[in-house]
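Protein chains in written order, with the working numbering: chain A, 1 to 345; chain B, 1 to 345.
Note that these hints are calculated values from the structure, not bench results. Even for Gly, the Cβ is constructed at its ideal location relative to N, Cα and C. Treat the hints with care, since some could be wrong.
What the hints assert, rightly or not - Keeping only pairs whose Cα atoms sit at most 25 Å apart, straight-line, the calculated DSS-like set for lysine-lysine is:
1) K104(B) x K163(A)
2) K159(A) x K123(B)
3) K299(A) x K163(B)
4) K159(A) x K159(B)
5) K123(B) x K13(B)
6) K13(B) x K232(B)
7) K331(A) x K163(B)
As the list claims (entries may be wrong) - If you want the ones that stay clear, here's a sample from chain A, every Cβ over 12 Å from chain B, calculated:
8) F44
9) L53
10) R108
11) T275
12) P309
13) V327
As the list claims (entries may be wrong) - Computed footprint of chain B on chain A, listed as stretches where at least three residues anywhere in the stretch have a Cβ under 8 Å from a Cβ of chain B:
14) 161-168
15) 193-206
16) 209-223
17) 265-272
2 protein chains.
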Amino acid sequence: MIPNDLFLKACRKERTERTPVWLMRQAGRYLPSYRILREKAGSFLKLCKTPELSAEATLQPVREIGFDAAIIFSDILLPLEAMGIPLSFEEGEGPRLEPVREEKDIERLSIPDPEEALPFLMKSISLVRSELNGSVPLIGFAGAPFTLACYAIEGGSSKDHRKTLRLLYSEPGLFDSLLDKITAATIPYLRAQVRAGADAIQLFESWGGILNSRTYRQFALPCVRRIFSSLKDEGVPMIFYLNGSSHLLREMAASGADVLSIDGRLPLGEAFQRTSGEFALQGNLEPSALFAPADFLRKEAASIVSGAPRRGHVFNLGHGVLPGTPVDSVKLLVDSVREFSRSET
Amino acid sequence: MIPNDLFLKACRKERTERTPVWLMRQAGRYLPSYRILREKAGSFLKLCKTPELSAEATLQPVREIGFDAAIIFSDILLPLEAMGIPLSFEEGEGPRLEPVREEKDIERLSIPDPEEALPFLMKSISLVRSELNGSVPLIGFAGAPFTLACYAIEGGSSKDHRKTLRLLYSEPGLFDSLLDKITAATIPYLRAQVRAGADAIQLFESWGGILNSRTYRQFALPCVRRIFSSLKDEGVPMIFYLNGSSHLLREMAASGADVLSIDGRLPLGEAFQRTSGEFALQGNLEPSALFAPADFLRKEAASIVSGAPRRGHVFNLGHGVLPGTPVDSVKLLVDSVREFSRSET
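Given only the sequences and the hints, what does the whole structure look like? Please build it.
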């Protein structure tokens, strides 16, 4: 029995007395308590890989801000490391991976058993579940295969993903074989999270929006569909986040997800229309709006709540919380969403 | 009299015997002759600021590939430098600007007389015009104010434009004052290019797609409208390129431009429908497709030509030519567009 099941109900498009709210990257640098924990861990990877610490990072925002869902503290790149791609995080910089661009690099990649290769994550999920004691649901997650392939090919994050697109067009077969391996590793990885206690799962397609619809359908979408269809029997809500999806709503609708998570560029009302009201929607305040004065922030929150479907809306940002975001603004946002959505229903 | 006026006719939505083609960044690193010229100049900025050299860089692709239009070789950031923002290009890196983030930084910016501050550009335009001797039209250009503001605030290019968005939301008045100054500098800058001999102008809004439609309408669009409406009396075709515009077609249609230049993510047929067929369209092959095998490239070109309106299509990429693009692929593309569009009409 989960006392606060607003999030799960909204995912299922059931009626809720108010709109549930959680934020992508709700655990992280903007929280003073997180920064202390991060200091204590010594490194970001250490924090991710120490179950007690990552469980604590997961719980901090739920306790301090009062979100309606927890999301396990981890990083989308850890499964790539488990597949055999060396990964590091330099202080103050983005992630670095040993680039995967040739057939021999791809052939070397393994499909790990997640329980063996990432035991810390499953342990952290169990710890969080027992600590939450059913108070709010817990979300597990993974990066979508195309997005992970971008990171693997570029060797980190990239402004324009030139190397990725170049490989995709020049060696589509090779590109597909990389996607295939990542997909095969992602399915047991997410299943293990559900079995360890995740109440819902989210797939993060951060870079899919750089592709046109034809290319997205050819390369990226089949992987996403394979993941969601394989995991359907687990019976948990499945959320698909696709950044920059204004031209890919048909593809999102064909993904097999229950909930479509929309970035800040497309009004939710329009996303609802264009997907025939079939899906629950998650989103979609622009993260930078949390730097705006209180009045403006409240107006933006109200506008998103009133433009969203009444049933089946999970309030979130269109992208992750930015470092330096004022904690008071996050609290104000959560309070505002509650207030407005209660008066709407 | 311009013998090859296909480009200008297509901009005006007049019937043409085939589709004209030019490519954003058609002058540049992928051309061996450009690399020799760049070496000779010593630095990128020197190349831009030496009329004989920048004229030569402009003419190279027209001579070697046979494009239907020339675009003056320059950089969108030069007007910012002329406004008083120190600019440099480090070898192998992007541009660096002294960041503009505070009121005093903005107050210090000047609105330069382009003839005085950027005489090399006007001189280069005259040289190109006389060298082309009317064989193909010449395009002048500028960055759109929001995009230039992004560069000024970030101090260069950026993956996520955090500082820009943060300033926009936290100090909208300050942000507007920066946009206002850039807009005021851009109008005489483009006018001077037309008077020096540019037959058409293009405004590059490389970063506008990060904004949602409401924010784009509030901050960025008024600047673009002011520029196009001020320059309308010059009587040359005006092209508006907005990267990532799938959610901003209404705003593009309200910009005052004659030609909308669409990136590779939105099929031209859809852009045509959504803008009621009112505008000539430019685009929109994904630049990475030039790395694909010949068969695939020809198919992509054919698909874009057949999906575009019959009148009022200027073939282009959805973004600039990438460094390392095979020259033979560019030639094949140009030939394919000519062949397919001739058989279509």
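Outcome of the hint check:
no., hint, verdict
1, K104(B) x K163(A), "violated, 40 Å"
2, K159(A) x K123(B), "violated, 34 Å"
3, K299(A) x K163(B), "holds, 22 Å"
4, K159(A) x K159(B), "holds, 5 Å"
5, K123(B) x K13(B), "violated, 31 Å"
6, K13(B) x K232(B), "holds, 17 Å"
7, K331(A) x K163(B), "holds, 22 Å"
8, F44, "holds, 18 Å"
9, L53, "holds, 27 Å"
10, R108, "holds, 24 Å"
11, T275, "holds, 15 Å"
12, P309, "holds, 18 Å"
13, V327, "holds, 16 Å"
14, 161-168, "holds (count 4)"
15, 193-206, "violated (count 0)"
16, 209-223, "holds (count 6)"
17, 265-272, "holds (count 3)"
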